[in-house]
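Work out the full structure, taking the sequences as your base and the hints as a guide.
Below are the chains, spelled out letter by letter.
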Amino acid sequence: MKTIDLACVIDDDKIYSFGIKKLMSITNFCKEVISFVNGKEALDYLVPLVDDPQALPDVILLDLNMPIIDGWQFLDEFVQYKLAKEVTIYIVSSSIDVADYDKAASYSVISNFYVKPVRTADLHEMMADFGRN
Amino acid sequence: MNKVANTYAMEKRYFHKDGRVIWVLLTVAIVWNTDETPLYFISQLKDITERKKNADRLHKERQRLNNVIESTQIGTWEWNIITGKRTNDERCYTMLGYNKSELEPHQLSDIYKGIHPEDEPKAQALMDECLSGETDLYHSEYRMKAKDGSWVWMESHGKVIRWSEDGKPMVMLGTRQDITKRKLVEVERLKTMEIISDQNKRLINFAHIVSHNLRSHAGNFQMMLELYKLENDEDEKKHMIDLLMQNAENLTETIANLNEVVSFQFDNNKQTKLIKLDEQIRKTIVNIQALVEQENASFSIFVDPDLHVNYNPAYLESILLNFFTNAVKYKHPNRLPEVIVSAFVEDGHTIIEIKDNGIGIDLELHGNKLFGMYKTFHNHADARGIGLFITKNQVEAMGGTIKVFSEVGVGTTFKIFI
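Residue numbers (the numbering used here), protein chains in the order written: chain A, 1 to 133; chain Z, 1 to 418.
Take these hints with a grain of salt, some might be off.
For lysine-lysine, the following DSS-like pairs were computed, each having C-alpha atoms within a straight-line distance of at most 27 Å [claimed, not checked]:
| # | chain 1 | residue 1 | chain 2 | residue 2 |
| --- | --- | --- | --- | --- |
| 1 | Z | Lys238 | A | Lys22 |
| 2 | A | Lys14 | Z | Lys369 |
| 3 | Z | Lys122 | Z | Lys191 |
| 4 | A | Lys31 | Z | Lys229 |
| 5 | Z | Lys237 | A | Lys21 |
| 6 | A | Lys40 | A | Lys82 |
Worth flagging that the hints you see were computed from the coordinates, not collected in a lab.
Have a look at this one:
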């Protein structure tokens with residue numbers, strides 16, 4: 001089964017970021033994690049790496065509501081690039097707004113939508129999902 | 001007999017043998033003798049009862065039509081497309097405040113060229129559709145200039161009633177009606193709809209904010225407590241307690257913010273007072289003196305000292321405070337903040353303009369979120385994402401609007417339409 005080498009967390013909530021990284025290490029989610037506090041920082045880091053399959057993350061856990069560049073704006077920009085490998089993107093948000101779910105469904109690059117708080121079971125599901133593909 | 005006329009004709013009634021009254025056209029011609037004395041008459045009698053009845057019916061029908069037109073206050077028009085001649089009835093002119101008899105022929109046609117420039121292209125397009133046969137009936141609504149200079153809303157209906165053999169329109173007939181009253185009601189209704197849908201949008205937005213912001217804190221509590229249970233390392237546990245405390249503080253702040261929003265969203269106490277704008281602006285700058293000095297900011301004020309606004313004093317103070325603070329706070333890193341505050345009256349509305357030389361906002365990227373709650377656009381530690389949200393709501397609660405112009409790296413101008 002394929003395993004996740006590099007995961008990327010994009011979220012402005014520092015408490016959540018601490019928690020998710022902790023949860024990732026408990027579940028052996030991935031070998032390594034990088035994290036960014038908003039969409040702009042993530043793009044600044046990721047865009048120069050789109051041709052490098054080693055440096056690109058396998059999985060991105062993306063928040064929606066963020067300052068400067070939010071989750072939707074990040075996606076709109078990121079999908080413009082031809083990536084050197086497939087990157088699985090999950091939305092992880094506190095949003096229970098149906099409009100957000102509908103919008104997420106319209107993006108083919110989004111694999112799933114998780115509502116916070118993320119549980120161990122959610123991470124296991126992502127891992128199984130990733131292994132199958 | 002006096003040789004005034006050789007013939008005469010008249011319509012008169014005769015009694016028929018059966019007692020009916022019949023209409024007869026009597027034509028009489030006189031035949032003269034060679035010595036110019038009358039010899040005899042030749043009389044011709046023709047029963048015109050049917051014709052008379054028809055004419056009578058036609059007359060009544062026309063009268064009825066006139067009454068209908070009169071009662072509906074509709075004007076009628078005819079347009080000979082070939083010659084270009086337009087015939088409008090009296091009411092077409094009285095609608096616009098003119099008296100047909102006082103107008104010269106050339107003025108008659110000029111008046112009907114006065115369609116409002118905003119409405120002209122559409123009216124023309126609808127007319128073209130009708131003239132090309134694309135639509136059977138012409139129907140359009142437009143404004144026309146009345147004699148006193150005011151705009152009158154007109155509804156016009158028409159139909160081409162004669163086509164040439166090769167399919168060209170020849171004659172068109174139609175009506176015109178003053179629908180100004182209806183239009184004004186319509187405009188009022190649209191305005192009300194807009195206010196209601198705007199309030200509705202704000203309510204949904206607010207409900208969404210409440211659920212989202214409270215949920216994110218709740219989620220953090222849940223997650224951190226679960227992790228705490230699994231953690232054995234004492235140092236790490238201590239760190240988690242710190243984070244939990246921080247989360248509790250964030251939650252308290254969120255609730256305070258939401259309370260602030262609720263308190264004016266549903267506040268009906270919008271009492272106004274006549275306020276000297278210049279004085280209020282200077283007072284507000286004094287209130288943020290600490291920030292102004294710390295950032296070495298300069299304010300230039302161009303406001304007529306006699307300019308007064310009728311406004312809720314607490315709102316005005318909060319609005320000015322917010323814009324002034326933002327103008328200084330989001331300064332450009334390479335220059336000192338300079339803020340120009342001016343106010344002027346345009347079309348009866350007071351406009352306050354606040355222009356800064358700060359970092360600017362990418363409106364293409366953030367324009368639709370600029371006034372949203374908890375939306376921040378800069379990596380600024382103090383950005384709460386609540387100020388502009390509240391400001392916008394306060395301005396709108398008082399029936400005004402805000403416009404924003406900005407260029408990244410150059411500065412931002414906010415225009416508040418009081």
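Against the structure, the hints:
Proposed proximity of lysine 238/Z and lysine 22/A is supported: the alpha carbons are some 14 Å apart, at most 27 Å. As the CA atoms of lysine 14/A and lysine 369/Z are separated by approximately 23 Å, the hinted pair is consistent with the 27 Å bound. The hinted pair formed by lysine 122/Z and lysine 191/Z meets the criterion: a straight-line CA distance of about 23 Å does not exceed 27 Å. This hinted pair checks out: lysine 31/A and lysine 229/Z have alpha carbons roughly 24 Å apart, not beyond 27 Å.
Between lysine 237/Z and lysine 21/A the alpha-carbon distance is near 15 Å, which keeps this suggested pair within the 27 Å criterion. Distance hint between lysine 40/A and lysine 82/A is fulfilled; the C-alpha atoms sit about 19 Å from each other, no more than 27 Å.
The structure fails none of the hints (numbered hints given earlier).
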